[in-house]
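*Asks:* So the protein sequences, as listed, match chains S and U. Residue numbering for the first sequence follows my numbering, starting at 1 and increasing by one per position. Residue numbering for the second sequence follows my numbering, starting at 1 and increasing by one per position.
Hint data in this document are derived by calculation from the structure and do not stem from the laboratory. None of these values were measured; they are calculated from a predicted model. The beta carbon of each residue, even a glycine, is placed where N, CA and C say it ideally should be. Take these hints with a grain of salt, some might be off.
[Said to hold, decoys possible] Reference listing, derived: stretches of chain S covered by chain U, where coverage requires no fewer than 3 residues with Cβ under 8 Å from a Cβ of chain U:
| hint | region |
| --- | --- |
| 1 | 15-25 |
| 2 | 140-146 |
| 3 | 221-234 |
Number of protein chains: 2
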Amino acid sequence: MPQLLKRLAFQVGSVPNERTTTFTSISNDGHYISLRPLVNLNTTSEEEFPFEWVFAGLNSDVKLVPISEGVVEQDFNFWLDTNRYLNLPNTHRGEVQTTWTQWDSGSVAENGEVFPNGSASPGVPFFELWHPLDPNRVEQVLLNDPLTTAEASKARSIVFRVRSGQGYDGLVIVTGRWAQGFLSKENDATVDGLNFLRTVELEDGSREAIILYGSDAEKFPQEYLGYEAGGHVEVHGLEWDVIESN
Amino acid sequence: MPQLLKRLAFQVGSVPNERTTTFTSISNDGHYISLRPLVNLNTTSEEEFPFEWVFAGLNSDVKLVPISEGVVEQDFNFWLDTNRYLNLPNTHRGEVQTTWTQWDSGSVAENGEVFPNGSASPGVPFFELWHPLDPNRVEQVLLNDPLTTAEASKARSIVFRVRSGQGYDGLVIVTGRWAQGFLSKENDATVDGLNFLRTVELEDGSREAIILYGSDAEKFPQEYLGYEAGGHVEVHGLEWDVIESN
């Protein structure tokens, strides 16, 4: 089922916090994008790039291993990753191994370890707490019971990927009313090459752009009606393939 | 403003979790009730009493001290407290000192320490993470921005208290569509003397009882129209005073 996960807390070290409005979109087929914009900007570097992190991947970029009831190991190899793109120092490279534990409340706890100074140096454990939102709702409605979850599982799930050979990499995932996108210019490696999208379809059918970041953001597909897997669309000169549609 | 806080996480020791559907109702005038029903019951004692804890107090039972921007100290002396009522061993008695820290995400982190073995023994630090819900909504809608918060601040806030001399102690707090209540029989000190209420007013105006616990639960007021502070109502033989109404 398509999922729209909201992060409730993030912890490295002894004190948890949540400075972002982080949503992770997961399509029916398991493609994913995690968009983590900061709420308040405290430093010059945060003003220059107002995101904690953004990454995205195809379902081939994540490995799921069930461990026990309610516990799943998920090992990620991000396809698109702002840390890697910007070549930020002291950030992790390569596979990230994580364990996801379902709580009675419906939240899901993610525990993992990153190696910002390379795999030969000590790792840094982290904890993230997530809760599924109803992707068919404009507001942030917590999913809490099997009935509403069953309804939400029928949500729309559409994925666009930039066709190769155009000088861009990009992914847009639509889950229910919510769309998130990552578009980067190849070989730029600065914030100028990064573009992000977060929109929500309002009750009247119009779409509100909550995040439309970057000079190429107009190239994101922003209408999602009538697409079938195998189709494609050109948006302001950029060709996107529809790699999933339910 | 009236508040309906949902607990997102609870931590004692090194691992957080959330096994309950905990809501804390806070009235306009600062009266409060926190109802913490377990989602799944794992032990015989949980089946006998399916709550982690329930407590309630008047605004005179909590002391608020602003510490810095976004940080408030809150020291509680619960009026009604299931731990004390049941005389549970290894549970705290007396004032609980807590510090509440506002996060950028809109969540609020509560840190405190309890002394389950008395004030002469070492304390046990705890952490609870809360997020305000829109009390005017049937679903669990997270409040996230000043606009929706301003709207939610106009929610209904009504408080009923059992009139003294009837052999009962009790408080019902209505915030928006949500009502929570605590009613205990004096001098019983067993689970048989405890009653709890959680209802939500549906879109059609009817009320759904999510929790209606205890043999005296029919004595809770369950209709909330037309009450003014200073008024009263008799429900199945029990007199309640309206001590707040906006």
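*Asks:* What are the numbers of the hints the structure violates, in ascending order?
*Replies:* 3
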